[in-house]
Amino acid sequence: MADKYSADTIITETQKRISNAFDVFDHESNKTVDVREIGTIIRSLGCFPSEADLHDIIAELEEEEPTGFVRYEKFLPTMTKILLERKFRPITEDLLLQAFEVLDQQKKGHLEPEELTKYLTQEGEPFTQEEMDEMLSAAVDPDKNVILYKDFFH
Amino acid sequence: MGCGVTKTSEFNRKFDKDGNVIPAMKAAVLIQRWYRQYAARMEVRRRYTWNIFQSMEYADLQDQIKLYNFLGYLMDNFTPSSTERNLISHIFRENEVCRDAEWERYFSYNNITVPDIYSGPRLTFPLDMDQAAHLVEAFKNKQQLHSRYVLQLLLETWKLLRVLPNINRVSTCHSKEITICGDLHGQLEDLLLIFYKNGMPSLEKPYVFNGDYVDRGKDSIEILLILFAFLLVFPGDVYLNRGNHEDHIINLRYGFTKEVLNKYKLHGKRILKLLQKIFSWLPLVTVIDQRVLIVHGGISDTTDLALIARVDRHRYVSALRPPKKKTPSRTNVYADSERYDEMIICKNRRGSLTFPKPFGARESFQRRSLQDFSSTVARTLGEEFEVRRRQAEFSLSSFSKSHRILSSALSSDSEPESSEFTDTGNDEWKQILDLLWSDPMSHDGCIPNEVRGGGCYWGPDVTEGFLNRHNLQLIIRSHECKQDGYEFCHNRKVLTLFSASNYYEVGSNRGAFVRLGPDLVPYFVQYQATSMTRGLSFPQNVKRTEHTALKVLREQLFVHKSDLLSAFQEIDKENTGLICLNDWASAIERVLHLDLPWRVLHPQLVSSTTDGKLDYHGWFRDLALKKPSSEHIEQTMLETLYRHRSTLETIFRIVDTDNSGLITFEDFRQTLKLLSAYLKMEISDEVINELVISTDTNNDGSIDIDEFMEAFRLVDKSRLERGKSLLKLMQDNQSLPQETESPQTVYSTAPQTSQCPASQPADPPVSNTTDSACSQTANPPASQTGSLTEDCPASQTEDLCHISVVVPPQ
Numbered sequence: 001m002a003d004k005y006s007a008d009t010i011i012t013e014t015q016k017r018i019s020n021a022f023d024v025f026d027h028e029s030n031k032t033v034d035v036r037e038i039g040t041i042i043r044s045l046g047c048f049p050s051e052a053d054l055h056d057i058i059a060e061l062e063e064e065e066p067t068g069f070v071r072y073e074k075f076l077p078t079m080t081k082i083l084l085e086r087k088f089r090p091i092t093e094d095l096l097l098q099a100f101e102v103l104d105q106q107k108k109g110h111l112e113p114e115e116l117t118k119y120l121t122q123e124g125e126p127f128t129q130e131e132m133d134e135m136l137s138a139a140v141d142p143d144k145n146v147i148l149y150k151d152f153f154h
Numbered sequence: 001m002g003c004g005v006t007k008t009s010e011f012n013r014k015f016d017k018d019g020n021v022i023p024a025m026k027a028a029v030l031i032q033r034w035y036r037q038y039a040a041r042m043e044v045r046r047r048y049t050w051n052i053f054q055s056m057e058y059a060d061l062q063d064q065i066k067l068y069n070f071l072g073y074l075m076d077n078f079t080p081s082s083t084e085r086n087l088i089s090h091i092f093r094e095n096e097v098c099r100d101a102e103w104e105r106y107f108s109y110n111n112i113t114v115p116d117i118y119s120g121p122r123l124t125f126p127l128d129m130d131q132a133a134h135l136v137e138a139f140k141n142k143q144q145l146h147s148r149y150v151l152q153l154l155l156e157t158w159k160l161l162r163v164l165p166n167i168n169r170v171s172t173c174h175s176k177e178i179t180i181c182g183d184l185h186g187q188l189e190d191l192l193l194i195f196y197k198n199g200m201p202s203l204e205k206p207y208v209f210n211g212d213y214v215d216r217g218k219d220s221i222e223i224l225l226i227l228f229a230f231l232l233v234f235p236g237d238v239y240l241n242r243g244n245h246e247d248h249i250i251n252l253r254y255g256f257t258k259e260v261l262n263k264y265k266l267h268g269k270r271i272l273k274l275l276q277k278i279f280s281w282l283p284l285v286t287v288i289d290q291r292v293l294i295v296h297g298g299i300s301d302t303t304d305l306a307l308i309a310r311v312d313r314h315r316y317v318s319a320l321r322p323p324k325k326k327t328p329s330r331t332n333v334y335a336d337s338e339r340y341d342e343m344i345i346c347k348n349r350r351g352s353l354t355f356p357k358p359f360g361a362r363e364s365f366q367r368r369s370l371q372d373f374s375s376t377v378a379r380t381l382g383e384e385f386e387v388r389r390r391q392a393e394f395s396l397s398s399f400s401k402s403h404r405i406l407s408s409a410l411s412s413d414s415e416p417e418s419s420e421f422t423d424t425g426n427d428e429w430k431q432i433l434d435l436l437w438s439d440p441m442s443h444d445g446c447i448p449n450e451v452r453g454g455g456c457y458w459g460p461d462v463t464e465g466f467l468n469r470h471n472l473q474l475i476i477r478s479h480e481c482k483q484d485g486y487e488f489c490h491n492r493k494v495l496t497l498f499s500a501s502n503y504y505e506v507g508s509n510r511g512a513f514v515r516l517g518p519d520l521v522p523y524f525v526q527y528q529a530t531s532m533t534r535g536l537s538f539p540q541n542v543k544r545t546e547h548t549a550l551k552v553l554r555e556q557l558f559v560h561k562s563d564l565l566s567a568f569q570e571i572d573k574e575n576t577g578l579i580c581l582n583d584w585a586s587a588i589e590r591v592l593h594l595d596l597p598w599r600v601l602h603p604q605l606v607s608s609t610t611d612g613k614l615d616y617h618g619w620f621r622d623l624a625l626k627k628p629s630s631e632h633i634e635q636t637m638l639e640t641l642y643r644h645r646s647t648l649e650t651i652f653r654i655v656d657t658d659n660s661g662l663i664t665f666e667d668f669r670q671t672l673k674l675l676s677a678y679l680k681m682e683i684s685d686e687v688i689n690e691l692v693i694s695t696d697t698n699n700d701g702s703i704d705i706d707e708f709m710e711a712f713r714l715v716d717k718s719r720l721e722r723g724k725s726l727l728k729l730m731q732d733n734q735s736l737p738q739e740t741e742s743p744q745t746v747y748s749t750a751p752q753t754s755q756c757p758a759s760q761p762a763d764p765p766v767s768n769t770t771d772s773a774c775s776q777t778a779n780p781p782a783s784q785t786g787s788l789t790e791d792c793p794a795s796q797t798e799d800l801c802h803i804s805v806v807v808p809p810q
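In order, the protein sequence lines correspond to chains A and B.
All residue numbers for the first sequence refer to the working numbering, where the first residue is 1 and numbers rise by one.
All residue numbers for the second sequence refer to the working numbering, where the first residue is 1 and numbers rise by one.
Chain A extracted, bound-state conformation:
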């Protein structure tokens, strides 16, 4: 009798999750997704890869002759491994808070939109203008026009 915690069950459950997430982006229902959506799919499964990480994964998933699409048969084993090995774990809130505090050099307790924009579009793995705009629209307090980063965390 199968114990629900058996390795098999876990693998099956994991694979079903992967399959569902994949299906959301499989617009033609032919078990392929656009390669540009791979990052979104992986993240939607709870992983926090960096862009560099994604770059490597995609290189592994693409065909020898890149078609712009990734097939499910290739995606499934790669993604299963990522999930089972618990790669790209979430960032803890403490660490994130510290990260914001680092950027807040004057220790104001908040960040100006320009400040954040400067860092996030120039440092690290820079945001595109679109990403920056989206984040600002979600993160900026409309009354004070600053980012009250402490409020993001419990």
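Just so you know, these hints were derived from the structure itself, not from any lab.
Hints may contain errors.
[Said to hold, decoys possible] In the DSS-like style, the derived pairs of lysine-lysine whose C-alpha atoms are separated by at most 30 angstroms in a straight line are:
| no. | chain 1 | residue 1 | chain 2 | residue 2 |
| --- | --- | --- | --- | --- |
| 1 | A | 16 | B | 273 |
| 2 | B | 269 | A | 16 |
| 3 | B | 613 | A | 87 |
| 4 | B | 561 | A | 16 |
| 5 | B | 273 | B | 673 |
| 6 | B | 493 | B | 176 |
| 7 | B | 205 | B | 277 |
| 8 | A | 16 | B | 673 |
| 9 | B | 269 | A | 81 |
| 10 | A | 31 | B | 482 |
| 11 | B | 673 | B | 269 |
[Stated by the list, open to error] Going by beta-carbon spacing under 10 angstroms, a handful of chain B positions derived as facing chain A:
| no. | residue |
| --- | --- |
| 12 | 41 |
| 13 | 59 |
| 14 | 159 |
| 15 | 266 |
| 16 | 306 |
| 17 | 441 |
[What the hints assert, rightly or not] The following residues of chain A were derived to be distant from chain B, with all beta-carbon distances above 12 angstroms:
| no. | residue |
| --- | --- |
| 18 | 46 |
| 19 | 60 |
| 20 | 61 |
| 21 | 65 |
| 22 | 73 |
| 23 | 77 |
| 24 | 81 |
| 25 | 86 |
| 26 | 99 |
| 27 | 114 |
| 28 | 131 |
Note that CB positions come from ideal geometry on N, CA and C, so glycine has one too.
Fit chain B to the supplied structure of chain A, relying on the hints for placement.
Then chain B, alone, in the frame of chain A:
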């Protein structure tokens, strides 16, 4: 997606989890990783929300088609004395017996007097630009045009349309830019917004409107009147294409019929009849500069513009009713059915609206055959065999065969036309269906569109071939909602244009229109109609739309409770009351037939699990829909009726042939018997009587359809506690980014008096809605910035909640 890294002074310092300083570069990477994860989850939510709305929309459309298949099937199987047959024949009777002159008498408006008290526009014909502009203004101010003028305007329109060709031909000479609009679906605020941004139609400002003016939105008739008025004033500069919703049978289900009957109680019937003719006379396509094709749905691999130019388009009144075939002679049909076998063509089932046969590659959408409905009813082997035999016979032409049988059996006068071979008739019909119903797909080929049940899916190779054959460079079509209002595909050779913003929900999508100058380079303008969406960020829009979609989904789950419970209990043989998530998802897939990513959705639908298992009885309690208070009617029965209320309402409206909004007890009984046959589920006489008694509020032996359907309205309980709970929720839900509430919904039997505003429930997009424009959710999910989404300003129209039309200045 770069790996670009900026050197900072602390580049080489490793960061320390215990709190040593993290270099700015590392901090940036962390934040970027985190945000991208969040954005990805938002994107997934947006996608599956879209999936939910679309799949329910299509499921409902398939319902409609199945219903018609079913009715046609009944016609095939009657014995002459059956009372059901009288009903159906009544419905399908061809009454196109009069000549045009007689129709003009029928539609005459001269004896309609307009009372002095009427303050709306008084039209004089021929119309001029001022009157057209005045009409727009009047509708903006929520006035209603008097039925006399409506009929007059429609008659003039009909006269004009009859002399127009099937293919409108337009040119951008004199450096005129042509503006093209997609689906409007009764959303007047979008049309007003377009006119505001772009100017009204005129000699200098030609417009093409690409179909689907009506249904779903609540101002369909106003949109038509405006478009027709401008057509009459500027016949050389306004072009209207027919959409698949310009079809009176589709209108029965999707709200236009209801809207007209409600707004025009006395003359609505005639108005609808006239519109039926007008729709059939709308041109099919528009071609600009012989280079750009504008058509509502799309094309197929057999689309031939030369053929299109030649058809008698007005013979194709409805997609769900193929044109009458002429028989060389009329014989007793029941003795002579073998004759018709020769006339049955169509080994080729493509484009068969009457028999959505499982073809092709889109396996993800559940294929549903005619009888595949109530899985709880077992069939005997004999019945099973019978069903399959019928299905095998049930081809395109068999539907029209039964139609033919019917009309000849009724000895109605058929128009004295030369007998045509069924081949041509079918061919033309398919061509038109393809134009109005098809959708593009990304891989090559051309397969029947079994999701919609008509038209096909066509691939980039078909586009290429078609454009080359006809020497065109671009296809502009509509028919599909797009989040940004427009979308290119097929290597930018096909453009989908959709002009109804907030189609599924406030904030769900933008609308767009396009301008083409002599260079034929498209210039797009996007917009969103209500002021509610301004200042809402992308995450807020996503959450709000998702909220509605999930509510609709929960309702679906609840109304399938009996079936789901059986499915769960089948798995949970030891009756523990628990079920694991995998099994939960599989059971739902089996029962609901909605192709959705249930495992992705489950956190939103299931509030808690213990040890990875769900207590399903508790889960049903959480879904908490209260049933109507009728102790005598069995719960399963009510659930079934609720689930099929759209179908039920459609049948009612079909039965109500004089469009009075009332049906007799007898017809009501017949309707329910029909439904029970359709669902293969017993609806006993006691149940029917109980329903009749409980809904005959007029006490006059007839049943008001609207009142009856009111009994099935879903009421959001929080609407009753609106005032405090709204604010409280804003405060409670400050955390990013999850939303946690699962609203309780209450089901009421009494017609609701209009209390209003912000918590008017979003009727599921699939239902017959005149109030789909108002879909402000009761519990707007809070954003992390704490910006409040404002209350819906309560501007009431009749008994509807309505988000007031604010045309934001550009």
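Worksheet entry | Structure-inconsistent hints, enumerated in ascending order | 1, 2, 8, 9, 13, 14, 15, 16, 18, 26, 28
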